[in-house]
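For this one, chain X is given, so just place chain A with the ligand on it according to the hints.
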Amino acid sequence: MTTSISAMGGIVRRKEDPALIAGQGKYVDDIRLNGEAVTAFVRSPFAHARINSIDTSAAAAMPGVVAVYTIDDVRHLGPVLAQVPVGVMRPLLADGAVHHAGEAVAMVVAENSYVARDAAEAVMVDYEPLPAVVDMKAAVAGATKVHEGSESNVLVTWFSHDWWPGVFELVDHRPAIAEAKERDDVVVVSQEMTNQRLIPTAIEPRAVLADWNHGYNRVNLWSSTQMPHALAGAVAKTFGLPSNEVHVVAPEVGGGFGAKLNIYPDEILTVFASKALDRPVRWTETRREAAFSTIQGRGWVATATITGTKDGKILGYELDGIADMGAYSQNFTVAIPVLGLFVAQGQYDIPLAWQVSCVQTNTQTTDAYRGAGRPEASYYIERIIDMYAAAIDMDPADVRRKNFFKKEDFPATTAIGLTMDSGDYERNLDTLIADVDYAGLRAMQAAARAEGRYVGIGLSTYVEVCGFAPSVLAEFGFGWDAYGMPTSFSGSGLVRVNPDGSATVIIGTGPSGQGHQTTWAQVVSDRLGIDYDSVRVTHGNTAESPTGVGTFGSRSAAVDGAATYEAAEKVGGKAADIVAHMLEASAEDIRFADGGAHVAGSPGHKVTWAEIAEVAYKPHKGPDGMEAGLEAHAVFSPGNATWPFGSHLAVVEVDPDTGNVEIQRYVGIDDCGNRINPMIVDGQIHGGIAQGIGQAMFEDAIYDAEGNLLSGSLIDYPIPAAGDLPAFELGWTNTPTDVNPMGVKGIGEAGTIGSAQTIVNAVVDALAPLGVKHIDMPLRPRRVWDAIQKARG
Amino acid sequence: MYPRSFEYLAATSLDEALAALADNPDAKVMTGGMSLIPLMKLRLFSPSLVVDIGRVPGLDAIDDAGDHLAIGALVRHATTASSEAVQSGAAALAQAAALTGDVQVRNRGTTCGALAHADIAADQTAAALALGATMVARSSSGERTIAADDFFVDTLTSALQPDEILVEVRVPKTGAGSGSAYGKLGRRGGQSDYAVAGAAAVVTMDGGSVAAARVALTGVGTKPSLAAGVAEALVGTDGSEAAVAAAAARATEGVTVLEDLYGSEEYKAHLAQVYAGRAVTAAMAAAS
Ligand SMILES: Cc1cc2nc3c(=O)[nH]c(=O)nc-3n(C[C@H](O)[C@H](O)[C@H](O)COP(=O)(O)OP(=O)(O)OC[C@H]3O[C@@H](n4cnc5c(N)ncnc54)[C@H](O)[C@@H]3O)c2cc1C
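Line by line, the protein sequences are chains X and A.
Mapping the first sequence onto the numbering used here, position 699 (from 1) lands on 699, and the numbers just tick up by one.
Mapping the second sequence onto the numbering used here, position 100 (from 1) lands on 100, and the numbers just tick up by one.
Same shape as in the complex, but just chain X (with noise of 0.2 Å):
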């Protein structure tokens, strides 16, 4: 038995892991269907330009190849489904005109992938070039428009006393800060700083096999998704099908970080694909097109300010700020800065004026990735407080506490009217600062700083808000409404006992890497005593779990997990009432561990899950008027999302002669309550972490004037290896959540919440003996060695 191991808590080895490491598992690309076609897309090489004319006739005509699909084909499906459409909709093959390079124009279906490409390369495309607009700024003053005709680039500018009108009665707390200001006891610490535009690099590339069968009028379709029943949704409201008709698979999924969680125009074409020609179509992303065919993520440019008192009371905290939506909105596009605003003020108890105004610009769209817009959030935050501790001569630790939520005012309420469910920040950066020898570092850097050498500490809390599931949220977007799901993102789970006795656990979830199978079965196992080996947990398919919504936004396990806890429970209480008959006890009494049931008191008198399984389908067995079967299905829709939080503190030594930035040390101890598997918990840390040093040190989408990307292959987009990252160092508190039974909070992207500022303070102040103060992402050492001189003089 491995219940005791299993069970919450447990570290256990992942049930994935043994066939992804093998080569077994199954991805997209993996599975073949008989007489596939596959596709390729004909880009733009022009940010913005006008379409003359398409000629596809030469491409039409080469061997192999099926059809060339253009959007006179397609423009009756409408333009590609956004949850939050406010902006221009993507069509789904530009429409008249391009908005972005690499924008898809035309669509090849041909018989093999060489043969896509060739004829790819043969429609010829007349453009007439357009002035594009690429730069934040100057798509604000609007002077170039990014969709000739529009009146404004601006979409929106979301205000954080009004971010959600008629639901929250907000203070603006703007005029308090402005008198603030004119205090003379006071400082103003004010820096602009841009937080980089990023392509998300998951490892498998997009992949969508769409498979229309006209017999029974519906569609298979398989996609590495985050969001499988989303696109069942989409698909069949596209086509006019119930949503049961359109089957979505989401098999093993390499890798999504939220650039999976959007309805792309290739799901919808190869279905149309699929539809027309009557035959399965098939569309791989390849390396290079991900940079131009999924959406990227970040790029802001703001402007923070902090208001305090010389002794380190913060009186106002100011961000006003531009983030970059790309040429068309998607999924949430614009919605994104709202995360951020969600935990703009960190950890602290400070009055707060915020604005954010979504902008085009002739790039490729922005959606989520990673921490969506709370990255961002809490990197402004976390360096300008830095800045407001070195203004008034402080530790920045002492800053940071100071300023601090108190554990006494959980639930607290932030300043945009939001309910945080727990936390204790002051115990968590104590655990920090203890298990470092907080003291002791800044003596090793005093000591290194003798010698000449330049070596830094930098410091960052975060707080994060995951889990968004409160059903009221829907009104705010916060559901697939517009995929024709009306549902809001309530989890969903589904636990069955099989007549063996083993048990089957049906999720909602498209998980990409997080290892749902493992942590399920954790929560089943520990819930019902059913051995950990015995729990089979599938997820990411449309047909046979009832409801879903997707992993995305550190959800899945404190609102699905949740979910299939409920679901244990109901199991194990028509289970109890089984047991208490066959062992004539009654249901209270009843125990569940060790493969089966036993009366408490006395663990000799059981029965094992086997047995109990019997008696339910074998109805004439059990208590009268049982209605046979063991299973249960429960949707979870909690009262409040979660607020995970922690504190990261970094060691970096710069080289002044070359801007090399070498990370000594890393370490955060992060707090989101109870942990089912401290290993997973741990590995999604790991990650997070490495995306955010990504950001911090080498990633950078970088468009040219005229928008092009010049850095969208890897050889020119570094990412961080392995061997380029040190050993993290990781710990724990733990504050459970009351918003659902099992006290967990998300964990998936509080490691890149907390990181990426966290080196930037490091190395900033390793360089404050030279006066530099602030240094824009990424840190490559060209940047680091222009800061010194320009400090230098």
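Bear in mind the hints are in silico, worked out from the structure with no lab data behind them.
Treat the hints with care, as some may be off.
[As the list claims (entries may be wrong)] Simulated coverage check for chain X against chain A, where a stretch passes if three residues somewhere in it have a Cβ under 8 Å from a Cβ of chain A:
#1 660-671
#2 696-702
#3 776-782
Since the model is a prediction, treat every value here as computed from it, not as a measurement.
Beta carbons: idealized from backbone N, C-alpha and C, even for Gly.
Same frame as chain X, but now just chain A with the ligand:
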């Protein structure tokens, strides 16, 4: 990614490969494929024929020929890096090979391929240049040797003719009193990834003063280049910190420094000095 269509020949002898090259002017030789295949997938290279010499016997040895090491066309980066003969006789090349790409790349890519490919940010090119290597090029009409000084012509362009195969690189061994070293700043910081800037140096010491020196740069211009000014300034000095610094300051004399995504002209010129100085210092340490 999908290349345009091409013919593929798995040559079993050098003669077969050379004949195929002679018959197909736009054919490409393939050794490790670590650069050729990505370029073909990006459709930046579209040869009509790929002549794979990976199965040709006899090209994968490092021979110690007394005054030089002869490194065959199929010697992988990993072999060059771990060879004791290279580590002791041409340390700069072993170090450059060890810093080329990642483990997978080092296990497939070849030292000769890296030289023939002549990437502006490659590692072993600078080492071969500093060490004064000689390239042995063979075609169906015969064999010739090309000095490293004449070998690197431009971005992705060497002095090899399309019908020639670099069958061997001959690297002079650093003798008693001399040493060599290579170092770079990588694109991902540290020494990771292609060189933002790097330098190799070979220094011969004689009775406490520098008797001879050669320094070569990579990453800063369109091709690896000799930093003749550094060598000139260094020879005859005592190799003190000040002497090295003064010499390194002349790193980019006569070198066209170009900006890219990883550095401005000014920065790259500065790095050239830093890495020239560091390479010289390390080479001197190895010489003593
Ligand atoms: C992920 C990755 C990271 C890399 N990082 C680095 C790095 O940090 N530093 C670095 O220097 N390089 C790096 N490289 C490039 C790598 O070193 C290549 O292996 C090397 O540049 C080419 O060697 P090859 O044997 O693979 O040549 P191939 O790819 O087979 O050929 C490359 C070119 O050289 C020609 N060629 C090859 N061999 C011969 C020959 N014997 N005679 C005539 N012509 C020949 C080919 O025709 C072709 O044009 C990296 C490559 C990859 C894929």
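Could you work out which of the previously given hints the structure breaks and list their numbers from low to high?
none
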